[in-house]
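Chemist: As a plain string of letters, each chain reads:
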Amino acid sequence: MAAITMDRLTKVYPGGVRALDEIDLTVEDGEFFALLGPSGCGKTTLLRTIAGLEESSGGSLRIGDVDVTRTPPGSRDVAMVFQDYALFPHMTVAENVAYPLRIKKVARGKRTEKAAATAGELGLADYLERRPGQLSGGQQQRVALARAMACHPRVFLFDEPLSNLDARMRLEARTFLKRLQRELGVTTVFVTHDQAEALALADRIAVMESGRIRQLGTPSEVFRRPANTFVASFIGSTPMNLLDGVVRSRGIEVGGELLPTPPEPAGRLVDGEKVVYGIRPEYLVHSPTAVPGSLTGEVRVVENLGHAQLVTLEGPAGFVQLVVDEDTPVALGDRGFAVPRQDRALVYRDGELVTAGADPTGLTAGARATGAT
Amino acid sequence: MAAITMDRLTKVYPGGVRALDEIDLTVEDGEFFALLGPSGCGKTTLLRTIAGLEESSGGSLRIGDVDVTRTPPGSRDVAMVFQDYALFPHMTVAENVAYPLRIKKVARGKRTEKAAATAGELGLADYLERRPGQLSGGQQQRVALARAMACHPRVFLFDEPLSNLDARMRLEARTFLKRLQRELGVTTVFVTHDQAEALALADRIAVMESGRIRQLGTPSEVFRRPANTFVASFIGSTPMNLLDGVVRSRGIEVGGELLPTPPEPAGRLVDGEKVVYGIRPEYLVHSPTAVPGSLTGEVRVVENLGHAQLVTLEGPAGFVQLVVDEDTPVALGDRGFAVPRQDRALVYRDGELVTAGADPTGLTAGARATGAT
Amino acid sequence: MNGSKGRPLAGAPAGRTGGSDAAGLGRRRAAGFVAPAMLLIVAFLLFPALWTVYLGLTDYQLTGFAAANPQVVGLENYDRALGDDRFSNSLVLTLQFVLGSAVLGQAVLGFAIAWLMRNRVGALRRTVEALVLLAWILPSSVITFLWIALLDRDGGTLNALLNTPGTAWLLEYPMASIIVFNIWKGAAFSMMLYAAALGNVPPSHLETARLAGAGTFQQLRDVVFPRIKGHVLTNLLLISLWTFNDFTPFLLTAGGPENRTEIMPVFIYRIALESGELGFGAAISVLMLLINLVIALVYMRLLRQRKDASA
Amino acid sequence: GSGGGSGSDTDSLVISANAIAGGKNEQEAKWIEEWVIPNFVDQKKEQDDVDVSVSFDASGVDDEQYKTKLALDLQGGSGPDIMTLDGIWIGEFAQAGYIKPLTEVVTQADFWEGWDQIPEAVQKLGSFENERYGIPAGTDGRVLYYNKDLFEQAGLDREWQPAGWDELVEAAEALGGIDGVTPVQLNAGTAMGEATTMQGFLPLLAGAGEHIWDKGKWRGESDAVTETLGLYEKIFADGLGDPLLQQEAQGRDKSFEQFADGRIGILLEGDYFWRSVVHPELGIAPMEDRDEVVGYAKIPAIEPGKGIHGQDFASMSGGSARVVNPETDNPELAFELLTFMNSDEALKALLEGEARITARTDTNADVLKDDPMLTFVADEVLPITAYRPGLAEYTRVSTLLQEATASVVSGSSAEDVAASYREKLEGVVGGAGNISN
Amino acid sequence: MTPPPDHAAVPSASDAAPVAVATAPAGPPPSDTEHRRREAQRAAGREGARRTVAQIGFYTFVSLVLAFFSLPLLWLAVAPFDANPGLSASLPEFTLQNFQVLWDNPYAMRSLGNSVILAGGTGLLVVTFAALAAYALSRVRLPGRDMLLYVLLLLSSIVTGTAAMVPLFNLATELRLIDSQLGVILVLSGGLLPSAIFILKDFMDGTPRSYEESARVFGASPFQIMRDIVVPVVRPGLATIGVWSVAQVWGNFLIPFLLLRSPDQYPAAVVMYTFYTEGGQANLALISTFSLLYSVPVILMFLFVSSRYGFRFHGGIKR
Ligand SMILES: Nc1ncnc2c1ncn2[C@@H]1O[C@H](COP(=O)(O)OP(=O)(O)OP(=O)(O)O)[C@@H](O)[C@H]1O
Ligand SMILES: Nc1ncnc2c1ncn2[C@@H]1O[C@H](COP(=O)(O)OP(=O)(O)OP(=O)(O)O)[C@@H](O)[C@H]1O
Ligand SMILES: [Mg+2]
Ligand SMILES: [Mg+2]
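Read top to bottom, the protein sequences are chains A, B, C, D and E. If you count the first sequence from 1, position 164 lands on 164 in my numbering, and the numbers rise without skipping. Heads up, my numbering is the position in the second sequence plus 1000, with the first residue counted as 1. Heads up, my numbering is the position in the third sequence plus 2000, with the first residue counted as 1. Heads up, my numbering is the position in the fourth sequence plus 3000, with the first residue counted as 1. Heads up, my numbering is the position in the fifth sequence plus 4000, with the first residue counted as 1.
These are calculated hints, taken from the structure and not from any lab test. Be a bit skeptical, because a hint or two may be false.
[Stated by the list, open to error] 20 Å max Cα-Cα, derived SDA-like pairs, lysine to any residue: (1) B:K1105 <-> E:E4039; (2) D:K3217 <-> C:F2065; (3) B:K1105 <-> C:L2220; (4) A:K274 <-> A:V302; (5) A:K178 <-> B:G1040; (6) D:K3100 <-> C:L2220; (7) A:K178 <-> B:F1319; (8) D:K3148 <-> D:Q3117; (9) D:K3215 <-> D:A3121.
Using the sequences plus the hints, can you model the full thing?
Modeler: What follows is the structure, given as structure tokens:
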């Protein structure tokens, strides 16, 4: 009923910036969908186009069964939470939450009641008479959510709602948001530039770059099998090691070492061709002593990740990062060896993942298929 | 030589807010020291007091061998990088970097040369003639660093320098900063509210709460053995599970289950007393089937952490979070069991860690000892 | 009002106006918002102003034959004005007045107060601001009496205070007196504007300069001024225009002694009201407008330079 | 009424004057509101059984502002039915067509019996180019005041009437012998404003035989003008007057004080000086022994018989006149009210027993009989007096004259000043064609 | 005079070789420490002195400002209660007689009411219309918008002068606005609007777009957005403009004098001129007392507005 279907949706700003470039995408009903990408890639533009705050320059947009491409924002039945929450500073929490109802001409008594109920659900019952300036960031965020929920929209749009919170609160808010969306079951599009947030929250993720979607898939698809080096370097709380390599008959030569060819692309590589060997720091196993088929280097930086350490080695293959258990002693200047987990290594040719079959971007088949349902 | 020694340093703001409450602390020469704590705990105040931007209300402050308690900021030989970088928008990168030298009346030719050299070290050679508005966040941060470095201060002060960067850039910048500080060897105090950043970067960490230091130690000390529940709940990329328990003769009863008493506090507990049982999500092992001595509950939320999943169980002990391997299938609504790693579990009595001996806060012995060197 | 009919129509042009049109106003509705103000402005400002420009081309007088039969005399009035010593005298005086009281006086004093009070809260700041603002909002006819009493030669408060009995400030230092008077009267606007502007200067910028060892003057030069240049120019533009058109000094000195304070609005008042030469007066008003225009252009030029510089 | 008028069902009239209750010229305002209006309305009711309504537009502002407002009203074809105008505005208002000769407005205009009570010379106050525009409301006259005690001290007669300017200068020179006394205060310069022209230059010029405006032309560099400036030169160059006093903004007030203090010998002023300045009780510079010490004499012509109209003496007068708006809906009724306001009875009601020169001889005879000075002005001065030209250019010419005297006072020669005056005059009155020599 | 702080403690390190990398940890000679300590002490001493001087300077300046701005007001506080006020603020011979006289004056008290009507009406009109116009101009890009504002600003200087009185008067006559307070309000509003729009536009430019967008997503119409969101948010600006325009009207003499006929309608500014004698001398007793009464409403308004809405500018031309 409230799926969002974009068909060749395009947005060109007056200055000529092509912020959305023929986006084909379907967000399923009830799905928690994350838009991820670097600054300026068009995430906000896409969200605003769905909300109707920007008029599309081409293509069409449907929410549920209705074509809303030309519908003004107030009639699209969507609610948006802005990065700065956009709480009205002169209204109390109760008034803020009730505002959409006021616009919809709900009688005063009824809307006060409803606003109080919604705010109550989000644990704001004690703050109804405060003004936004008197609330902490996390509370403000909940007010913004309550306001978005108050008029039971068919779609939630969140533009980086967590980025204003401090690190600690962000974690709590994220869990809260996830649980809330599960309970309400409202289709949700969530913009972020923090990949950890996207991975943690989303049912599916679209990774964007300069107005286009570079990969579409579930968090684990995107995390485990980034469709291209762009996505690979973008996803993961520690960036993936992307190392230049040359295909040899018995493996892939990286920085002078021969590493075993991963199973998937195995049959699809040509001897002597240049590829990029991708392996996440989490999938490199540390060894203090030389091991054949491993990457090596001198320990340059050790960063504490809490229960583990991120070690940066500098060696013939360049910088290589790997995650080492907290109990393993690693000292600066030591020589270290990193053994790749074969089943997790990926190979990119011309920036694209070399795969066994189906399109890893999830774009052609996936999007079309879901679009057709 | 350029250690920073604070002796009962106190700052009371005109309104009566006691932002620093008799801080005793020594930051060693060349150390990378992180100040961590929730918003409003006094981190910025401490930094600004070191810089001389706030006048202390009591106590003394030494940089190196010199008492600088009453010295004006311009004469303390410290450099500060602000959260917003504070780059002068009307000056080019070169002019920005040269600004401290200009104030110190270094001749034009010499200071241009020096500024260019410093900027060059930070990879800014190509941007010397640009203005800050034309640079990306990461580049701006490097300009701010270059400006701070330009006059070779004895101390660097950083106030959340990374919080304006997007998540991806933050990771890169963090590694860069760490390497730079290593090379320069300048005493550095770094304020953050992001514990992951503090853990990754710092030689030592002070965790603050309302103007006081609650724990002082290396990242792994602070991570593994938080001295009190405040620090425990603050440190860690996923918050520690802090569960109410009662001491029994054969273990600690948490949510009806009897968990083995961790070895350290073992002899120090009294039967029947109420304690808090602390265990990090990373140190809980998941089991789909019932295991004795485990915490149990229904799976409520599953968050993808990339190579792992954060699972929230709701059970008799309340909410329990644990980290589960990415390959382990966990479905919402399933029943799950979490087995604590005994050697990592902690016990808190009245909010304080029950330990085998030495003061875990690192404050009394630790601080004094370092202060005396 | 919120009925579904008409909405898609209204929404369509709204979107096209670009990102800054956050409320989806659209040009048509925007025109509707502007219309009432424009209507009043056209009727009671534009139309009389154009009429005045026309009057400036005639020999129209309030009374006499020229009132019955005004003749279009072309640029004669302008010719006469430009050759008139009184006009050039009043132009020079006006420039002194504007420069002294607005550009130097109000702007500098207003800035000084705003700067020194920027970090203050509480009674002191409120008192200072209230007094300064009071001078701004009291009616001119009242404050001129206050100043006449202050500057009076026998028994005036100032003479009593400075122990300079018998000094006739308004006669001996007429220009200085009205300049000081106008500073007193108008510093509030600059103070408020600069207080707001200084609020926009990030403290971290000032502190960076302090850490580098910069003194107050260097902080102002390197950090504050570049940052608030736009406000400075808005402020100068408005207070210059207002001071240029300020008639209040007439109530204090009546243009005297010996026309030594006959600034342009006073000159026009005398021409138009005392001599009834409305055509000539209108021509001088137009000349005054042109001088204002030149000043505005100079300011805007500076403004544009600033834009280029920060681009 | 016409412009300011209310509904036209009943006959209604509006009176306007620069007077307001509780403020400026309160006496006149109260008189109109409390005496004129009720009495006139009653009278109409009783005599003609007509209901009329009369209202009063009060204002209390500078004369220029009042004039401007009236002019704006009149140029738009509206305005009050009856208005008080300063005598010197009559000409410029007439030229602008704002007001019309009374005979053109009201058929009965010439048949008012009051005209007989107003001297010909005084009627000029409400006239322009020999046409009556309004009825003069009151007038004044200028004389030479002198301090009898000082005269005695200088060895002069206590009773003094100079016959020519020589005698004036002689007396001044005699007074010059007394320490700390300024022999003559002859208003000059721009700080004195119109007082320089009215209580200085113009009466002297009349004594030299000329009007400043005559037969449609302004006087330029004529002999009389030069001679008048010459007198200034004589007085101020020879130290008979105090040049500094002429430059101060409060110079006129100060000269009054000095006269009252016995520090000025001779002073040219209007009867206002007698009534309101040195009046023992009401004056702003009161002289308790005014009646004994202050003498007054007519202003002499340069030589006997050389004044205007061949007079031996000269003076200038001012005052206001009440005028009927030509656009009024009820001209006859308005004129009736006008004459009512200028009846003997009405004027006496206005004065409330105070001594003041009115336009009417019969009234003056009654109200002035206890005041020898005002009687002197009414009897001796008014018949020989002159009025300023009521033209739009007059104020500007007056300013030029003030500037001219200022130059003489500060040391320029009368001839040079006269020449440059003439040059500037051309610019002000629209070319040499409007100037006579 | 204190020495300029620029010389304060130039650390010797800044003159050292520009190789900070690796050299820093190598301990500098002990004399350097000694030098630093001396420098630091000297700097601290100078800082102390500088601070003292700065404090003294600050309070001197503030006292001067307070004196400068309050001295002229002294007369207003004293003269009205003086039986024989002169132009000096001497100790009064206390009386309330002047107030009694004014109370009995037929126009004085009423004129204050008229002033309130004129100023209030104009203030309301200017604030409302300027807010609408400034909002639209701030949000919708019209070609030549800035130019238009500048031109109007300049033209307003003609119309507020005396030379334009004939056109204004004739216009009012044609529109039958003579002797009507509405006429005065309209004419004054026309002159004040350009400056008001100019200043208010800055305020409008400063409001975050996201407020409006979020209301818009809820379906609020532009008018509702303006009423519910923008107006409350820029309230300090509106208050500022309101006070400003009221103060402008409150002191305006010429326009109400020219356009009004019946003294019953005169505002205080006009009535104030009537307290002069026939000879043009001011009746100081009445004028001072009336000045006080005349000032009280604006002062009250100012206090009300500043305590209620704050009274400040945002400002300036941005971007
Ligand atoms: N109103 C506008 N006019 C012109 N160009 C615009 C406008 N808004 C955005 N853009 C441009 O469109 C592109 C996409 O912008 P958008 O705000 O959608 O990026 P984003 O992915 O949300 O970035 P961020 O993470 O920084 O918020 C950018 O290049 C931006 O400069
Ligand atoms: N200038 C000031 N006047 C009065 N109180 C202040 C001032 N600056 C800070 N405070 C108060 O002092 C306390 C400590 O503030 P501080 O800025 O040091 O916190 P912080 O740890 O840096 O917080 P954050 O993470 O939000 O930056 C807070 O309670 C704050 O409200
Ligand atoms: Mg965005
Ligand atoms: Mg802080």
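Chemist: It remains to establish, for every hint, whether it holds in the given structure.
Modeler: Now the hints, each set against the structure:
A hinted pair counts as satisfied when its Cα atoms are at most 20 Å apart, and K1105 (chain B) with E4039 (chain E) qualifies at roughly 17 Å. The straight-line distance between the Cα atoms of K3217 (chain D) and F2065 (chain C) is roughly 15 Å, inside the 20 Å bound, and the hint therefore holds. Between K1105 (chain B) and L2220 (chain C), the direct Cα distance comes to roughly 17 Å. Compliance with the 20 Å bound is thereby established for this hinted pair. Annotation: proposed proximity of K274 (chain A) to V302 (chain A) is violated, straight-line Cα distance about 31 Å (limit 20 Å).
Among the hinted pairs, K178 (chain A) with G1040 (chain B) is inconsistent with the structure: their alpha-carbon atoms are about 28 Å apart, more than 20 Å. Taken as a hint, the K3100 (chain D) and L2220 (chain C) pair is broken in the structure, with Cα atoms around 69 Å apart against an allowance of 20 Å. Restraint check for K178 (chain A) and F1319 (chain B): satisfied, since their Cα atoms lie roughly 15 Å apart, inside the 20 Å limit. For the proposed pair K3148 (chain D) and Q3117 (chain D), the alpha carbon gap of about 35 Å is over 20 Å, so the pair is violated.
Taking the CA atoms of K3215 (chain D) and A3121 (chain D), the gap is near 17 Å; set against the 20 Å cutoff, the hint holds.
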